[in-house]
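Dock chain B against chain A, hints included.
First to last, the protein sequences are chains A and B.
Using the numbering used here, you'd call the opening residue of the first sequence number 51 and step up by one each time.
Using the numbering used here, you'd call the opening residue of the second sequence number 51 and step up by one each time.
FYI, nobody ran anything at the bench for these hints, they're computed from the structure.
None of the hints are false.
No copy labels: a pair is met if it fits in one copy or bridges any two.
Once the Cα atoms are required to be at most 27 Å apart in a straight line, the calculated DSSO-like pairs of lysine-lysine come out as:
#1 Lys140 <-> Lys93
#2 Lys69 <-> Lys93
#3 Lys93 <-> Lys82
#4 Lys82 <-> Lys140
#5 Lys82 <-> Lys69
There are 2 protein chains.
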Amino acid sequence: MNDHTLPTDETHGLIASDKVEDTSVYNPAGEKLGTIANFMVGKQSGQVEYAVLRFGGFLGLGADHYPLPWDMLTYDTEQDGYVVDISRDKLENAPRYGDVEPSFDRAYGEQVYGHYGLAYS
Amino acid sequence: MNDHTLPTDETHGLIASDKVEDTSVYNPAGEKLGTIANFMVGKQSGQVEYAVLRFGGFLGLGADHYPLPWDMLTYDTEQDGYVVDISRDKLENAPRYGDVEPSFDRAYGEQVYGHYGLAYS
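Bound-form chain A, shown alone (with noise of 0.2 Å):
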């Protein structure tokens, strides 16, 4: 049973949801972008669609949230944190929100992943 040798990660790779939240998130040149606020599941499929990413405010309120495809976090164990190819430019331009969740509908998923040229399905 040499397969369940290895350390979770390289097995099953299971993360838990609650330790997620609020780990910090940053760009391939090791800027920091922001921590994860929560993400977005389908109540049906168990799918996450996206993962939040909070940048300011204060004790919760006033906070940018960036929506980001979930394939686009890579885990970097050297950091601590997510790693996403995502320069500050590209992250101004992108859909946001503030302390209000928009409603996270077809059209809305279409712009966040349109937005980082990923299809929505």
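Okay, now just chain B, sitting in the frame of chain A:
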């Protein structure tokens, strides 16, 4: 754009991870089984494999944790919580862990899903 006038829950049905956590879980008889501790997500796939039901304990210590296949949970707006069709007896024999997470590998997945009569894929 009539399809955009429905509440989010009725259109694409996304839910935020931090709203799932600490939500109450009931069985169909209305008995409270516990609360959602967190859920476990495939790092690569973004697929939620388990919602973890927490029962007992104090200040986050000493609780029992029952990983449940995501598909078993149904949100009940009347009870403002999740409903799972598990009797207390069934739950008492279910796979569980304490303060230390198990290795969420394939064998564990088959054990948990199998207990509830589901296939682990």
